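Engineer: Sequence order for the protein chains is A, B and C. Residue numbering for the first sequence follows my numbering, starting at 22 and increasing by one per position. Residue numbering for the second sequence follows my numbering, starting at 22 and increasing by one per position. Residue numbering for the third sequence follows my numbering, starting at 22 and increasing by one per position.
Hints were generated in silico from the structure; no laboratory data involved. A few of these clues could be false.
Same chains, same label: a pair holds when it works inside one copy or across any pair of copies.
Claimed, not checked - Each computed DSS-like pair below joins lysine-lysine, with the alpha-carbon atoms no more than 25 angstroms apart:
hint : residue 1 : residue 2
1    : LYS321    : LYS26
2    : LYS231    : LYS321
3    : LYS246    : LYS321
4    : LYS246    : LYS231
5    : LYS246    : LYS26
Quantities reported herein were computed from a predicted structural model and do not represent experimental measurements.
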Amino acid sequence: MTNWKLPPLLRGPIRVRSRHAGIERPQALLDGLPDRPEALLALANRHVVSAKQFDRDLVVQLCRLAASIEVQPSLLRPPLTGKILITAFYEPSTRTRLSFESAWHRLGGDILSITDPATTGIAKGESLEDVAEMFSNYGDVVVLRDSDERSVYQMIETLRVPIINAGNGIDEHPTQALADLYAIFKWRPGFALCDSGDRLRVGVIGNPGKMRTVRSLLLLLSLFKDGVEEVVIINPAGEPFDPGDREALERRGLRLRLEHRLGAVLPLLDVVYINSIAWIGDSFERLTGDISLNDRSALKSGAIVLHPLARGPELDVSLDDTSHNWYFSQARGATFVRMALLTSMVERVHRIADVRSPD
Amino acid sequence: MTNWKLPPLLRGPIRVRSRHAGIERPQALLDGLPDRPEALLALANRHVVSAKQFDRDLVVQLCRLAASIEVQPSLLRPPLTGKILITAFYEPSTRTRLSFESAWHRLGGDILSITDPATTGIAKGESLEDVAEMFSNYGDVVVLRDSDERSVYQMIETLRVPIINAGNGIDEHPTQALADLYAIFKWRPGFALCDSGDRLRVGVIGNPGKMRTVRSLLLLLSLFKDGVEEVVIINPAGEPFDPGDREALERRGLRLRLEHRLGAVLPLLDVVYINSIAWIGDSFERLTGDISLNDRSALKSGAIVLHPLARGPELDVSLDDTSHNWYFSQARGATFVRMALLTSMVERVHRIADVRSPD
Amino acid sequence: MTNWKLPPLLRGPIRVRSRHAGIERPQALLDGLPDRPEALLALANRHVVSAKQFDRDLVVQLCRLAASIEVQPSLLRPPLTGKILITAFYEPSTRTRLSFESAWHRLGGDILSITDPATTGIAKGESLEDVAEMFSNYGDVVVLRDSDERSVYQMIETLRVPIINAGNGIDEHPTQALADLYAIFKWRPGFALCDSGDRLRVGVIGNPGKMRTVRSLLLLLSLFKDGVEEVVIINPAGEPFDPGDREALERRGLRLRLEHRLGAVLPLLDVVYINSIAWIGDSFERLTGDISLNDRSALKSGAIVLHPLARGPELDVSLDDTSHNWYFSQARGATFVRMALLTSMVERVHRIADVRSPD
Numbered sequence: 022m023t024n025w026k027l028p029p030l031l032r033g034p035i036r037v038r039s040r041h042a043g044i045e046r047p048q049a050l051l052d053g054l055p056d057r058p059e060a061l062l063a064l065a066n067r068h069v070v071s072a073k074q075f076d077r078d079l080v081v082q083l084c085r086l087a088a089s090i091e092v093q094p095s096l097l098r099p100p101l102t103g104k105i106l107i108t109a110f111y112e113p114s115t116r117t118r119l120s121f122e123s124a125w126h127r128l129g130g131d132i133l134s135i136t137d138p139a140t141t142g143i144a145k146g147e148s149l150e151d152v153a154e155m156f157s158n159y160g161d162v163v164v165l166r167d168s169d170e171r172s173v174y175q176m177i178e179t180l181r182v183p184i185i186n187a188g189n190g191i192d193e194h195p196t197q198a199l200a201d202l203y204a205i206f207k208w209r210p211g212f213a214l215c216d217s218g219d220r221l222r223v224g225v226i227g228n229p230g231k232m233r234t235v236r237s238l239l240l241l242l243s244l245f246k247d248g249v250e251e252v253v254i255i256n257p258a259g260e261p262f263d264p265g266d267r268e269a270l271e272r273r274g275l276r277l278r279l280e281h282r283l284g285a286v287l288p289l290l291d292v293v294y295i296n297s298i299a300w301i302g303d304s305f306e307r308l309t310g311d312i313s314l315n316d317r318s319a320l321k322s323g324a325i326v327l328h329p330l331a332r333g334p335e336l337d338v339s340l341d342d343t344s345h346n347w348y349f350s351q352a353r354g355a356t357f358v359r360m361a362l363l364t365s366m367v368e369r370v371h372r373i374a375d376v377r378s379p380d
Numbered sequence: 022m023t024n025w026k027l028p029p030l031l032r033g034p035i036r037v038r039s040r041h042a043g044i045e046r047p048q049a050l051l052d053g054l055p056d057r058p059e060a061l062l063a064l065a066n067r068h069v070v071s072a073k074q075f076d077r078d079l080v081v082q083l084c085r086l087a088a089s090i091e092v093q094p095s096l097l098r099p100p101l102t103g104k105i106l107i108t109a110f111y112e113p114s115t116r117t118r119l120s121f122e123s124a125w126h127r128l129g130g131d132i133l134s135i136t137d138p139a140t141t142g143i144a145k146g147e148s149l150e151d152v153a154e155m156f157s158n159y160g161d162v163v164v165l166r167d168s169d170e171r172s173v174y175q176m177i178e179t180l181r182v183p184i185i186n187a188g189n190g191i192d193e194h195p196t197q198a199l200a201d202l203y204a205i206f207k208w209r210p211g212f213a214l215c216d217s218g219d220r221l222r223v224g225v226i227g228n229p230g231k232m233r234t235v236r237s238l239l240l241l242l243s244l245f246k247d248g249v250e251e252v253v254i255i256n257p258a259g260e261p262f263d264p265g266d267r268e269a270l271e272r273r274g275l276r277l278r279l280e281h282r283l284g285a286v287l288p289l290l291d292v293v294y295i296n297s298i299a300w301i302g303d304s305f306e307r308l309t310g311d312i313s314l315n316d317r318s319a320l321k322s323g324a325i326v327l328h329p330l331a332r333g334p335e336l337d338v339s340l341d342d343t344s345h346n347w348y349f350s351q352a353r354g355a356t357f358v359r360m361a362l363l364t365s366m367v368e369r370v371h372r373i374a375d376v377r378s379p380d
Numbered sequence: 022m023t024n025w026k027l028p029p030l031l032r033g034p035i036r037v038r039s040r041h042a043g044i045e046r047p048q049a050l051l052d053g054l055p056d057r058p059e060a061l062l063a064l065a066n067r068h069v070v071s072a073k074q075f076d077r078d079l080v081v082q083l084c085r086l087a088a089s090i091e092v093q094p095s096l097l098r099p100p101l102t103g104k105i106l107i108t109a110f111y112e113p114s115t116r117t118r119l120s121f122e123s124a125w126h127r128l129g130g131d132i133l134s135i136t137d138p139a140t141t142g143i144a145k146g147e148s149l150e151d152v153a154e155m156f157s158n159y160g161d162v163v164v165l166r167d168s169d170e171r172s173v174y175q176m177i178e179t180l181r182v183p184i185i186n187a188g189n190g191i192d193e194h195p196t197q198a199l200a201d202l203y204a205i206f207k208w209r210p211g212f213a214l215c216d217s218g219d220r221l222r223v224g225v226i227g228n229p230g231k232m233r234t235v236r237s238l239l240l241l242l243s244l245f246k247d248g249v250e251e252v253v254i255i256n257p258a259g260e261p262f263d264p265g266d267r268e269a270l271e272r273r274g275l276r277l278r279l280e281h282r283l284g285a286v287l288p289l290l291d292v293v294y295i296n297s298i299a300w301i302g303d304s305f306e307r308l309t310g311d312i313s314l315n316d317r318s319a320l321k322s323g324a325i326v327l328h329p330l331a332r333g334p335e336l337d338v339s340l341d342d343t344s345h346n347w348y349f350s351q352a353r354g355a356t357f358v359r360m361a362l363l364t365s366m367v368e369r370v371h372r373i374a375d376v377r378s379p380d
């Protein structure tokens with residue numbers, strides 16, 4: 022506009038530096054999945070606390086609806102006009118809160134936000150049952166994150182509106198797992214139907230007994246066991262599962278294998294799921310050298326890397342501009358999956374999909 | 022959806038555990054009150070700071086409009102589209118803030134929220150007069166809570182938009198008192214017209230000199246003195262009134278009596294208003310045993326219990342599932358009363374009631 | 022409403038105590054400026070980080086659009102319905118955040134707000150490049166304030182949506198400078214066209230090397246050098262410019278003069294721009310007596326005082342009710358300027374001005 026010396030990025034309209042993998046509109050996924058939105062009616066007026074609540078058809082139809090929104094994000098008639106979301110993040114988080122709030126706003130709804138536990142009635146000693154009674158009067162859906170895994174269960178004792186568990190301590194984070202599946206489906210639509218020619222070998226770097234995202238992901242993966250050759254849990258020390266959890270997954274038909282080191286197994290993996298090391302404590306931190314990924318890691322050609330973000334040093338930025346980077350697509354897709362889920366929970370799915378109205 | 026072991030509350034749509042008293046739509050109140058919404062025009066472009074500003078007709082018509090909204094909460098044409106509320110909670114509160122914000126959103130408006138005093142200009146030493154000048158540019162209504170009772174009075178010196186006092190120190194909390202009256206009206210519609218066969222004996226456990234909710238409630242109750250047999254203030258120690266306040270209420274015709282213990286008077290009370298003990302200091306805390314309520318308390322048959330919430334140990338959860346529990350109805354109704362009040366203050370009441378437009 | 026003793030300000034509708042200068046609708050400015058909104062198309066999908074990015078025509082057309090909104094604030098068809106603003110204030114601020122949020126809401130959009138750095142991913146050590154990647158998925162525009170001047174430059178490396186710099190350390194605050202110019206234009210419409218009979222003598226009390234508002238203001242003033250007789254920088258100690266900055270401004274044709282004391286020059290100034298002393302450190306604080314303004318200061322008849330607010334003791338309230346007070350008009354106008362800017366950046370200016378749609 023004028024002749025002042027300006028950095029190149031300020032001299033004209035935004036030029037996107039790179040378009041990472043999986044950011045294009047998921048038309049192939051949309052076309053590849055059967056259109057059976059009736060499955061979503063099962064979510065009407067229902068809490069979503071655990072990945073255990075989902076069956077395969079429900080996950081597939083949620084991801085299909087998410088894809089239809091991502092392909093055409095401008096909703097002609099926002100389905101949640103007049104509806105109110107309460108986001109209660111008693112454990113700090115920006116990423117997950119903004120993802121849910123962006124999803125809700127894009128659906129046309131309004132938001133009441135609680136971000137600081139110190140300013141809440143909880144700080145005054147109010148019980149979660151009373152808080153839930155209050156939320157039932159003020160909102161139409163609640164999204165809760167709390168470092169105490171019991172909080173969401175206390176709330177559902179008195180809640181009269183649906184709640185979503187957005188992370189309860191080290192227990193579960195089911196919508197993150199839905200976003201993980203959605204990313205895999207976009208990359209390999211056949212996996213959603215378990216009809217891909219080759220079964221996938223999935224590596225999970227982390228600890229399902231201590232990481233809520235891993236726990237929820239394994240539960241959802243077990244629904245698609247026919248497409249999974251095996252899940253390799255890479256964990257440097259000891260037994261990573263809580264008692265009984267490994268057996269339960271195996272009874273569901275998921276093939277599980279444990280490894281202590283990443284090196285040998287990495288070149289065999291089709292999907293590598295890596296998590297923030299900082300959350301897992303000392304043993305991992307000492308072993309960062311072995312379990313971190315960068316653009317020199319021996320990744321299989323065509324393999325994708327997923328990470329729930331925010332990341333630490335375990336996931337180097339040198340991977341960002343490679344075709345292995347599907348973690349940005351995964352983060353982006355989370356909003357669309359949540360849009361599909363929220364719309365279904367408040368009984369408005371008939372406004373954006375071809376199902377009968379509940380009225 | 023699948024056969025994982027799930028807690029019963031996650032196995033299907035939400036089943037409300039109990040429907041407490043006073044939660045059904047208040048058709049009887051709506052039918053019982055005269056429809057004179059012109060009274061609400063007096064609120065147009067006006068600050069609401071003290072319960073002293075209300076007369077009987079205004080309280081009745083606000084509650085009637087609240088009932089009409091509660092009976093039919095889906096507003097075909099939200100009256101506050103394009104209007105902006107500023108909620109400034111310099112004293113932490115979640116319940117009151119969410120109630121106001123839910124009310125405003127349900128009316129179709131947008132919100133600017135200030136929840137952390139440490140992030141505000143006030144922390145930099147900006148005067149409240151300057152803050153009010155700023156608010157006049159950015160919003161259409163202000164809701165203020167501040168632990169200093171003078172703050173709201175400083176702000177109205179320069180504010181050009183209406184403000185609601187949502188609690189100023191130990192002084193007043195007029196919209197809480199409106200919610201209290203609304204709950205009593207829903208329970209006994211005849212009380213609003215002072216034509217109920219029997220006069221009510223109201224017990225107030227607390228200290229009108231130190232509790233803003235009690236002070237505002239007594240002011241509103243004095244408007245309905247014809248329906249009040251007497252108000253019994255239950256206060257364990259000393260003189261609970263500020264100098265002159267008791268005499269002022271009595272000159273208005275309200276019969277007042279003081280008791281130091283709850284025991285003897287409880288079985289005589291039709292309405293029991295109890296407050297959080299923690300707010301009143303030591304003398305109450307030592308006497309909790311006497312002034313707390315539970316399902317074994319000698320409540321009169323048909324009596325109702327009110328509490329502004331959040332509660333402490335003075336109100337036991339064993340009362341929640343009894344017909345004495347009207348405190349949840351009271352909390353729920355607060356949103357509808359605030360919807361009626363806010364709409365009137367921004368001169369939009371003609372959009373939801375049958376009065377002439379100001380244009 | 023009743024006969025309780027009430028303070029006068031609570032006895033009836035709001036009576037504005039005083040209508041300070043520059044608060045009336047700027048019809049004269051609107052009529053005086055040429056209508057060339059095509060200039061605003063240059064802002065489409067563009068970051069706004071520095072005042073260096075603006076040319077004269079762009080500033081004039083932004084202020085003209087702002088005036089058209091201020092003259093007729095009720096937008097029949099809000100142009101930003103469905104759009105999402107992310108306000109990220111990592112350095113606390115209420116005034117600027119509320120101004121942007123009010124502007125966005127008045128345009129019909131929704132907001133995701135981050136006000137507490139301690140609750141964000143940044144606190145977990147997430148990089149700004151990753152935060153920007155996240156913001157690109159969740160919002161349509163970002164407004165950033167950060168005490169580190171490099172943050173906004175880090176973010177634009179990966180952002181795919183436009184960002185506005187709302188203050189980066191001591192570097193720049195370009196939208197504040199736009200609001201400053203808008204206030205001057207409203208006072209003296211001819212200045213915008215550089216055709217006012219008399220050139221203006223502008224005094225700036227402050228330190229362009231340490232104050233972001235002053236730095237950005239001088240950059241914009243240099244675009245209107247033909248209407249500026251001279252800019253007098255009043256600064257009690259030493260060299261106020263960063264190396265090279267004074268020379269750059271002078272090469273642009275701006276006449277600059279330094280003074281150490283306000284006294285002698287004050288009666289000559291047409292525009293006095295004063296800033297919060299507290300931001301500048303010790304030397305200023307010791308000299309407050311000389312550089313503060315009140316209603317006894319020797320201001321030229323007809324001169325205007327501007328201040329970015331919040332103010333400290335350097336700007337006495339006794340000036341509020343004088344005709345020199347244009348700082349309140351300046352604060353009020355900031356919202357309209359930001360409405361014009363935001364609408365242009367998201368390519369919706371065709372919805373509120375007579376330009377071709379980009380579609």
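Engineer: What hint numbers does the structure not satisfy?
Structural biologist: Result: hints 1, 2 break, sorted rising.
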